[in-house]
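K.L.:
Protein sequences appear in the order of chains A and B.
In case it helps, this note's numbering puts the first sequence at residues 1 to 430.
In case it helps, this note's numbering puts the second sequence at residues 1 to 430.
For the record, the hints were derived by calculation from the structure and aren't laboratory data.
Treat each hint with caution, since some may be false.
No copy is singled out in the list; a pair is fine if it fits within one copy or between any two copies.
What the hints assert, rightly or not - Simulated pairs of lysine-lysine, BS3-like, Cα-Cα distance not exceeding 30 Å: (1) Lys-74 / Lys-280; (2) Lys-425 / Lys-83; (3) Lys-407 / Lys-289; (4) Lys-425 / Lys-289; (5) Lys-289 / Lys-69; (6) Lys-407 / Lys-189; (7) Lys-10 / Lys-407; (8) Lys-83 / Lys-231; (9) Lys-280 / Lys-231; (10) Lys-280 / Lys-69; (11) Lys-231 / Lys-425; (12) Lys-306 / Lys-83; (13) Lys-415 / Lys-425; (14) Lys-407 / Lys-425; (15) Lys-407 / Lys-69; (16) Lys-83 / Lys-69; (17) Lys-231 / Lys-289; (18) Lys-74 / Lys-306; (19) Lys-10 / Lys-189.
Model, not experiment: these values are computed from the prediction.
Protein chains: 2
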Amino acid sequence: MNDLHEISGKARAAFTDLSVTSVDQRNAALLRMAEYLTGNAESIFAANTEDLRLAEEEGLAAPLLHRLKFGPEKLQQVCSGLKALASLPDPIGQTTYAMEITEDLNLYRVVCPIGVIGVIFESRPDALVQIASLCIKSGNAVLLKGGREALRTNQALAQVIRQALSDTNLSPDCAQLLETREDVAAMLKEDELIDLIIPRGSNAFVRYIMDNSRIPVLGHADGICHVYLDKDADPDMAVRIAVDSKTQNVSVCNAAETLLVHRDIASRVLPAMAEALTEKHVEIRGDQKTAELIQCIPATDEDWSKEYLDYVISVKIVDSLREAIDHINHYGSHHTDCIVTTDPEAANEFMNRVDSAGVYWNVSTRFSDGFVYGFGAEVGIATGKLHARGPMGLDGLTTYKYKLFGKGQTMAEMKSGVRQYTHRKLPLSE
Amino acid sequence: MNDLHEISGKARAAFTDLSVTSVDQRNAALLRMAEYLTGNAESIFAANTEDLRLAEEEGLAAPLLHRLKFGPEKLQQVCSGLKALASLPDPIGQTTYAMEITEDLNLYRVVCPIGVIGVIFESRPDALVQIASLCIKSGNAVLLKGGREALRTNQALAQVIRQALSDTNLSPDCAQLLETREDVAAMLKEDELIDLIIPRGSNAFVRYIMDNSRIPVLGHADGICHVYLDKDADPDMAVRIAVDSKTQNVSVCNAAETLLVHRDIASRVLPAMAEALTEKHVEIRGDQKTAELIQCIPATDEDWSKEYLDYVISVKIVDSLREAIDHINHYGSHHTDCIVTTDPEAANEFMNRVDSAGVYWNVSTRFSDGFVYGFGAEVGIATGKLHARGPMGLDGLTTYKYKLFGKGQTMAEMKSGVRQYTHRKLPLSE
Chain A
1 MNDLHEISGK
11 ARAAFTDLSV
21 TSVDQRNAAL
31 LRMAEYLTGN
41 AESIFAANTE
51 DLRLAEEEGL
61 AAPLLHRLKF
71 GPEKLQQVCS
81 GLKALASLPD
91 PIGQTTYAME
101 ITEDLNLYRV
111 VCPIGVIGVI
121 FESRPDALVQ
131 IASLCIKSGN
141 AVLLKGGREA
151 LRTNQALAQV
161 IRQALSDTNL
171 SPDCAQLLET
181 REDVAAMLKE
191 DELIDLIIPR
201 GSNAFVRYIM
211 DNSRIPVLGH
221 ADGICHVYLD
231 KDADPDMAVR
241 IAVDSKTQNV
251 SVCNAAETLL
261 VHRDIASRVL
271 PAMAEALTEK
281 HVEIRGDQKT
291 AELIQCIPAT
301 DEDWSKEYLD
311 YVISVKIVDS
321 LREAIDHINH
331 YGSHHTDCIV
341 TTDPEAANEF
351 MNRVDSAGVY
361 WNVSTRFSDG
371 FVYGFGAEVG
381 IATGKLHARG
391 PMGLDGLTTY
401 KYKLFGKGQT
411 MAEMKSGVRQ
421 YTHRKLPLSE
Chain B
1 MNDLHEISGK
11 ARAAFTDLSV
21 TSVDQRNAAL
31 LRMAEYLTGN
41 AESIFAANTE
51 DLRLAEEEGL
61 AAPLLHRLKF
71 GPEKLQQVCS
81 GLKALASLPD
91 PIGQTTYAME
101 ITEDLNLYRV
111 VCPIGVIGVI
121 FESRPDALVQ
131 IASLCIKSGN
141 AVLLKGGREA
151 LRTNQALAQV
161 IRQALSDTNL
171 SPDCAQLLET
181 REDVAAMLKE
191 DELIDLIIPR
201 GSNAFVRYIM
211 DNSRIPVLGH
221 ADGICHVYLD
231 KDADPDMAVR
241 IAVDSKTQNV
251 SVCNAAETLL
261 VHRDIASRVL
271 PAMAEALTEK
281 HVEIRGDQKT
291 AELIQCIPAT
301 DEDWSKEYLD
311 YVISVKIVDS
321 LREAIDHINH
331 YGSHHTDCIV
341 TTDPEAANEF
351 MNRVDSAGVY
361 WNVSTRFSDG
371 FVYGFGAEVG
381 IATGKLHARG
391 PMGLDGLTTY
401 KYKLFGKGQT
411 MAEMKSGVRQ
421 YTHRKLPLSE
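Required output: the full structure, derived from the provided sequences and hints.
P.N.:
Structure representation (structure tokens):
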């Protein structure tokens with residue numbers, strides 16, 4: 001077991017140096033990573049082959065084995081991701097507020113990195129490179145804990161990344177690998193040294209992290225996404241969006257779990273919907289009114305707050321747009337919810353009142369993703385409302401500090417009226 | 001004892017309606033509050049007189065009695081605060097990111113209120129009006145718990161505020177008053193209905209809140225602020241800033257607790273500093289090197305992490321700028337720290353490397369305040385790094401949601417290549 005206090009302390013020291021580097025220096029490290037990953041492809045693939053062999057022996061399911069695989073195709077994706085990230089503008093250093101407080105006293109709010117971030121992620125080795133590079137680009141030091149099954153691949157990748165950091169004059173301690181569950185438990189105690197934990201994984205796992213640490217957590221809990229078919233929905237589009245939201249990939253958080261249907265359109269759209277869903281092998285669990293229109297399993301109250309992550313969908317007929325909104329705000333997880341309608345007023349009402357990170361009009365919930373949004377990549381999808389919401393890219397990895405430039409002013413002078421507040425806005429130059 | 005589940009549910013419903021109001025409607029409510037507060041001055045003053053009488057009977061200390069007082073002067077301050085707040089631009093509704101994802105699919109990140117916020121504050125009744133009005137202006141519903149000693153005044157103020165909300169067609173449940181500690185304990189359990197808790201009070205109290213709720217907390221812990229006198233500090237300015245930072249108001253979080261002095265300037269500046277501090281009745285606790293230069297009580301290691309909130313200061317002589325920075329990052333509370341120097345390079349190094357919400361050059365730490373920063377008022381000062389940092393005004397009470405406007409696009413079309421990502425930046429129109 002690693003000494004997490006020592007590791008976190010090293011990360012903290014590395015962060016302090018990293019926070020004053022230029023973007024050119026950070027980009028050089030990213031490009032060097034791509035170079036070294038390619039140069040060390042054989043040893044990385046060998047480590048991955050060993051991981052795959054052991055996972056197969058342990059009887060890991062085929063989709064998980066597929067995610068674990070890191071071959072030439074993944075390597076190429078990861079390297080182009082690094083190059084794309086290096087070409088993005090610096091996410092830190094911008095001035096977002098500038099104010100003259102009193103004569104010769106200027107205040108600037110400047111974007112800066114958060115500090116030391118612990119990320120716990122699933123058994124996809126390419127995630128390690130994405131997360132580490134997003135953190136480095138944004139000036140943060142990172143502690144990385146990947147899936148147990150990917151340990152050898154992650155060790156090989158981390159070694160290459162640390163070499164690239166070192167060879168571009170950044171501290172290798174900017175990116176350190178944790179290896180065991182005990183490491184994670186120990187990391188959660190280092191609230192003096194670690195600023196943020198980003199857990200990716202099951203809802204129960206995120207809850208475990210939150211309940212066992214004083215370190216702030218940005219994680220996604222459930223993804224209970226809804227598609228609501230308004231009374232003015234186009235029936236063909238309704239089927240297309242619902243089927244895509246449910247079935248394009250059932251095991252992800254932005255897949256739809258519940259279909260809400262306005263009573264005025266239910267009889268027109270549900271038979272075709274049932275046919276399309278059944279064709280995709282989706283089990284339908286409907287409320288009583290739904291059961292009067294199509295064949296389905298009776299839904300219980302538990303179905304409305306269940307994240308199936310499977311070929312199952314719950315269906316409920318509602319009396320009004322307002323009932324749909326209330327249902328979503330009550331049972332949903334504030335992730336991503338869609339209205340299908342031709343009525344702009346209904347869409348507007350839905351998008352303003354639904355209290356979710358993503359509110360969609362006439363488009364599949366599957367679009368809720370950092371790459372899709374144009375962020376290059378994401379470190380996670382936040383379902384909380386504070387700091388970052390929805391897909392988290394570089395922006396979500398920054399905070400700010402207030403820099404105040406004075407000439408010896410005292411509060412006593414302000415209180416006595418020797419000096420006056422001017423509160424004059426200044427230009428937002430960098 | 002109140003039913004906090006019911007109260008929180010009402011607040012949630014009120015928030016949903018409030019989140020779609022225009023800024024004119026919210027401003028009208030603020031102005032009506034000012035009007036009604038003036039119109040009901042006598043009954044508010046009477047309630048306050050009763051609070052003061054009981055507090056005196058209980059032997060409340062004079063400074064606390066002073067804070068508890070709500071007379072014509074405070075009323076006038078509070079009313080001009082409301083008018084100033086009404087004149088500020090709408091903090092919600094702005095688009096901060098706009099991107100065409102693919103043809104006819106546009107993404108907008110739009111600023112929106114957080115939701116239901118619970119604020120626990122000290123025995124200053126004017127704080128109730130400030131906090132409630134900041135929340136309403138930013139579209140949030142608020143649960144207010146003030147100090148026990150101010151209960152009658154707070155009841156009178158809350159009644160007037162709720163009447164003003166009601167008479168301007170907003171739900172009075174946008175601002176509800178809690179009255180007991182049991183109410184607070186019950187509120188902490190409503191993590192499904194409440195989005196954020198802002199506790200103002202002692203460090204131990206903020207910790208208690210954090211350890212007893214799953215609701216995110218934005219609070220300030222200690223304010224251990226430093227003044228560092230660089231080797232190139234102007235000695236007169238050094239004394240002026242240190243004395244102001246320490247003594248202008250000793251009982252506030254932005255008062256300085258530790259003075260760090262570069263060894264090259266120590267013998268030149270410390271005798272005058274000791275004289276000035278002693279004149280203000282400040283007890284000096286110095287490290288060994290300090291004790292060789294001025295009379296002082298020996299400092300122990302505990303002094304470096306102590307928030308005195310009193311006429312006491314710890315003094316340490318450091319060998320370098322880097323030692324000062326490391327000391328602050330290790331022992332400080334990331335609140336506000338100042339360097340006094342004539343050297344811009346040293347100032348720059350200090351401001352970049354010190355990991356605090358406020359990094360100051362040649363100005364008293366006492367300037368760390370929402371009003372001073374030009375925010376109109378503040379709901380608190382955040383010492384965490386996530387979401388809001390430093391004084392929290394209207395900005396800190398907002399989050400955002402992603403609105404995606406489609407024409408029936410599916411992820412299957414994107415994956416199959418029927419549609420291509422365009423990722424074209426759109427203008428940031430509202």
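K.L.:
Taking the hints in turn, state whether each one holds.
P.N.:
The hints, checked one at a time:
Proximity of Lys-74 to Lys-280 under the C-alpha cut-off of 30 Å is restricted to the intra-copy arrangement: shortest distance 29 Å within a copy versus 67 Å between copies. In this assembly of identical chains, the alpha carbons of Lys-425 and Lys-83 lie at most 30 Å apart only when taken from different copies (20 Å versus 38 Å within one copy). For a Cα distance limit of 30 Å, the shortest separation of Lys-407 from Lys-289 across copies, 29 Å, qualifies, whereas the shortest one inside one copy, 73 Å, does not. With identical chains, the CA atoms of Lys-425 and Lys-289 are never at most 30 Å apart, being 59 Å at best within one copy and 44 Å at best between copies.
Taking the shortest alpha-carbon separations for Lys-289 and Lys-69, neither the intra-copy value of 46 Å nor the inter-copy value of 60 Å comes in at or below 30 Å. In the homo-oligomer, the alpha carbons of Lys-407 and Lys-189 never lie at most 30 Å apart, since the shortest distance is 41 Å inside one protomer and 48 Å across protomers. In the homo-oligomer, the alpha carbons of Lys-10 and Lys-407 never lie at most 30 Å apart, since the shortest distance is 36 Å inside one protomer and 50 Å across protomers. Neither within a single protomer nor between protomers do Lys-83 and Lys-231 lie at most 30 Å apart by alpha-carbon distance, with minima of 47 Å and 44 Å respectively.
In this assembly of identical chains, the alpha carbons of Lys-280 and Lys-231 lie at most 30 Å apart only when taken from the same copy (25 Å versus 74 Å across copies). In this assembly of identical chains, the alpha carbons of Lys-280 and Lys-69 lie at most 30 Å apart only when taken from the same copy (27 Å versus 69 Å across copies). Taking the shortest alpha-carbon separations for Lys-231 and Lys-425, neither the intra-copy value of 49 Å nor the inter-copy value of 33 Å comes in at or below 30 Å. Neither within a single protomer nor between protomers do Lys-306 and Lys-83 lie at most 30 Å apart by alpha-carbon distance, with minima of 39 Å and 47 Å respectively.
For a Cα distance limit of 30 Å, the shortest separation of Lys-415 from Lys-425 inside one copy, 22 Å, qualifies, whereas the shortest one across copies, 47 Å, does not. Proximity of Lys-407 and Lys-425 under a CA criterion of 30 Å is satisfied intra-copy only: 19 Å inside one chain copy versus 42 Å between copies. For the homomeric pair Lys-407 and Lys-69, neither the shortest alpha-carbon distance inside one copy (59 Å) nor that between copies (36 Å) is at most 30 Å. For a Cα distance limit of 30 Å, the shortest separation of Lys-83 from Lys-69 inside one copy, 22 Å, qualifies, whereas the shortest one across copies, 62 Å, does not.
Taking CA atoms no more than 30 Å apart as the test, Lys-231 paired with Lys-289 passes inside one copy only; the shortest distance there is 16 Å, against 79 Å between copies. Proximity of Lys-74 and Lys-306 under a CA criterion of 30 Å is satisfied in neither setting, with 33 Å inside one chain copy and 52 Å between copies. For the identical chains of this complex, Lys-10 and Lys-189 are intra-copy neighbours only, at 16 Å inside a copy versus 37 Å across copies, given an alpha-carbon limit of 30 Å.
Hint compliance for this structure: hints 4, 5, 6, 7, 8, 11, 12, 15 and 18 are broken, all remaining hints hold.
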